[in-house]
Every structure is written in C-alpha cells, then in structure tokens.
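K.L.:
Generate coordinates for the entire structure from the input sequences, incorporating the hints supplied.
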Amino acid sequence: MIKLYDYELSGNCYKLRLFLNILNVDYDRIPVDFYPGREHKSDWFLQINPLGQLPVLDHDGFVLRDAQAILTYLAAKFDASHKWYPTGDAEILGKINMWLSFADSITATASAARLHDGLFYQLDIEAARTNAHSLFRVLDEHLWFAEEQRQAWICTDKHPTIADIACFPYIMLSEEGGISRMAYPAICRWTDRLREIPNFIAMSGIFESGS
Amino acid sequence: MVESSADQLPSQLVNDPAWPGRTVVDDWQVVGSLDQIEVDVNYQTVLLDVPITFNVTESREVRAWVNTRCGSQTSSSASARLKTCVQYGYIWVSLGQPTQNFFEMPEYYEPDRRNIHAATIRVKVSAPRAIENFLDLAHFPFVHPGTLGEEPFTEVKDYDAVILEEGDEVLAQKCLFWQPNAMPTATEGYEVEYVYRVPHPYCAILYKANAIDMNRMDVVAIFVQPVSEEECNANMFLAMIDDQNSDTAIRSFQLMIFAQDKPILENQIPKRLPLNLRAEMSARCDALSTAYRRWLHKRDVRFGTIPQ
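Quick note, the sequences are listed as chains A and B, same order.
Be aware that the first sequence starts at 1066, since it is given in the working numbering, and climbs by one per residue.
Be aware that the second sequence starts at 6, since it is given in the working numbering, and climbs by one per residue.
Worth flagging that the hints you see were computed from the coordinates, not collected in a lab.
Computed beta-carbon distance windows for the label pairs:
no.	chain 1	residue 1	chain 2	residue 2	range
1	A	Asp-1257	B	Lys-303	43 to 51 Å
2	A	Thr-1195	B	Asp-45	33 to 41 Å
3	B	Gly-194	A	Asn-1089	23 to 31 Å
4	A	Thr-1195	B	Tyr-195	45 to 53 Å
None of these values were measured; they are calculated from a predicted model.
We put the CB at the ideal spot given by N, CA and C, even for glycine.
P.N.:
Structural data, given as structure tokens:
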C-alpha cells in the first residue's frame, strides 16, 4: 500500500494527489500538521524525512521524499503507457528533468510568496515575487512558441508529462502570493488544458475547469 | 508580522474623524492564539491600522503596547500600555477602554468538548467580508462541493435572522442545508441544522448538528483581527464533540474549507463591506447577511465597511 504524508494546502503534496488520481492508484493520506502545528519539524517526522519537508511517499516500506522525485517514481512504476515519463526517450527525459528542476524554482519563489502572504512567513517578499515573475515569463514564452509548433505541453506535443504536473500547482496558487498571471496568456491557456486532463482533481485554491 | 510605527497613540486617534477605527476602539480585538505564542517573545502586529507589539509572560500575563517612532521604547511607559485579556484560548487587545462584557460562548467550558485552534490565516479582504462569507449558506455547493454542499442540492430554506436587543448580537436559527460530508465525523450526507451568532462585529460562531449525536451541536467560530481596512487575520476555532478524529485531521478539514473560500474572498469587490443595503443584490437566503449589515450600521462600525 502507498502512504502519502500530506498537507492539504501544500501545492507539492497536491501534485502527488493529482497524479495518483490521474493514474488511478489507491493510497492512504497521512495528514501532517504543517501549519500551524509545524509537525514536519517534529521528531517523529524528522525520522521519516531529515529535511523536515513534505511530501513523503512510503510504498510498502520504500520511502521517498521530494515531490519531483516521487513523480518520476510513480510514473515509472504505475504508468503502463510510459507517456508521463518516457524512460526510453533520452531527449524527452532530459527536458522533463530540466523542467522538474524549474518547478523547484517556482516553489522557492511563488510558493514562498504565498507562505509570506497567508501564513506569516518572514522573507524578502519583493524578491520572491520578482523572481517568480522572471520564471513565469520564461515559461510563458516557452509555451507560446510551443503552441506555434502545435505542442500543447511543456515537453511534448499531445500527451502531458510529469513536467506539466510539477509546474502546475504553484503557478495556479500564485495570486495568493500577490503574483498576478494576467500578463501570461500562454500560461493561462496551458493551465486550462491541464484542468481538462481526465481524472483531474482540484485542491483548495485551485478550481475544476468550468467553475 | 508587519513592522511599522504609528504617528499617534490611539487616545489621540479616537478624536481623529478620519480614522475609521474610532467607533470600535474600545472593543476587544483578537491578535493571536495562545497556543501559537512563545513565552517572552515580542510579537509585532497591526490592529485597526495601529502597529502594536505584544508578549506573554510565563504566568500568562499579556502585555501589549503601541509601537511609536522611537521603536518599542514606550513599553516601559504605563500610558502606552494597552488593555489585554485571554479568552477562549486567544489573546485579545483593546486600543481603548473596554466597557462591555466579553461575549458568551458557554460551550467552551463543556468538559467533553475538544477546543481546537485550527489556524490563523491572513486574508486580503476586510474583516466584515470574511464574517459575511462565514455566515453564507448559499455558496456551499459551489465553493465546497463534496463536503459542505453538492449540486443540485442548492436550496436554502427560509430561516429566521434577527438582531437581538438583549445581548446585542445577530442570531439566525433553523437554517437547514443538505451536506454530503458535513464534518470529519460524517459518514454520509444529511440535512444539517445550523445556528449562527454574530456577537461581535468581527467574530461569528456557528453551531451545527453533530454527525454522531444529533441532539448536540458542534461549534465552529471565526475570530477575525481587523489589520487594515482591506486585510484581516482569520482565527478559526472549533469546539467539537468528536472522539474519533485527531486534532490534525480536524484542523486539516477546517483548513481545506477555509482555503477554498480564501481566493473568492480575496477577489471580492469592493473589499470593504457596503452597509447600504441597496449597494449589493440580496435574495431571501441572504437574510442573515442583511441583518449583519443592519447591525453593523446600527453600531456605526466603520472599519472595513463602506458606511451608508
């Protein structure tokens, strides 16, 4: 059985709930009181992840931390079509991993701004927002040129990959950190497409398509 | 929290007709949960646009003072000390001279209830808008699908909403709504009875039928700190009859619900609540919101509202 150490309002946890749902994989959620309880820094949780970060996945005793790493594991393990993470295609794989790293940069900026605005985290909010906008501009431009080539997704033409799943949540939650997406039309069209993926589920702050 | 300084002490501000906080200056306002406070640490916050600092001593004594231009030096000056109290697990500060008794919430003292502070969340909207949203049944199927509501069960049956002269609060009773997953304890959908109280301009309490013992009601309250006219800190409090779920599970449920409301609240225009009843369309199901607006008008609450 799969156990997901989870926090409802975390975009990094949500991307795993979303992907597990898309893949139709059953799992148990173990809620961790990230805020206000700071349970991710508690002794019991540090034994599971010494970095004190969510999410963590436990698959029959195989324990993995890091949302992006967990996406690669789930895709390689459960996606029989090999479309979400095509392990046999060196170029696509390289590109996906490049954008997974980009997703971490979004976490460090747009997600940080959201923690500042909503949950009182102390950090340089102007720097977080400015850097998030720089990343959004890069992605928007990339998606705009991709659309010109009839490529619907970040790395691929027709079928999305885990790079799309990885980048999606903290872009969608950016307004909660005071980062408007109005200036990024290609990003907005891409998020609309993503919400049409079969078995898409929402989280607090991210609505289903058409609502 | 925000660090800044005030030009004037509240005692001077009270006489400033441009300061909308003047009509609620004497009221107790929440500034944090005692659960989340470390002893002897100075916390900076902003209350009614006034930057203040507070701390809690080992003996649970709360001290609070207004920040002034020379930093927090005035802490030693008795004249700058603010009135404070601890009630229902929260720290409350008055910028003036509190005269009224604290509102009653007797359920807090019932021995078999679990009193839980769910979280404090900053919301970029006025405190009255946050309260109004908390009082609204009609949005459940659209904003909280699968938990507090579900299409096509969108009907809000007629209920009673009144302003009580005695006790000076707003009360709504016999509010019935069908909910698929009303509480962490619920296992199936049922028509839930709600009672709402607004005993304070920025605090509201709802009572809803317990999923296990239908004769008793769970308590969910929201105590809102008015930070600026368009920003507030929402403190969510629960007094539950629940021997099944962990505190984490109960908090998680409440946070999920609140975080669904947050983006909608933050996109409301205007961010302050209009007290002119013709400013926004209202339907029969908004009787409670209408009563709340009338009551705020009657009390001349200006901070976070657009007065008539």
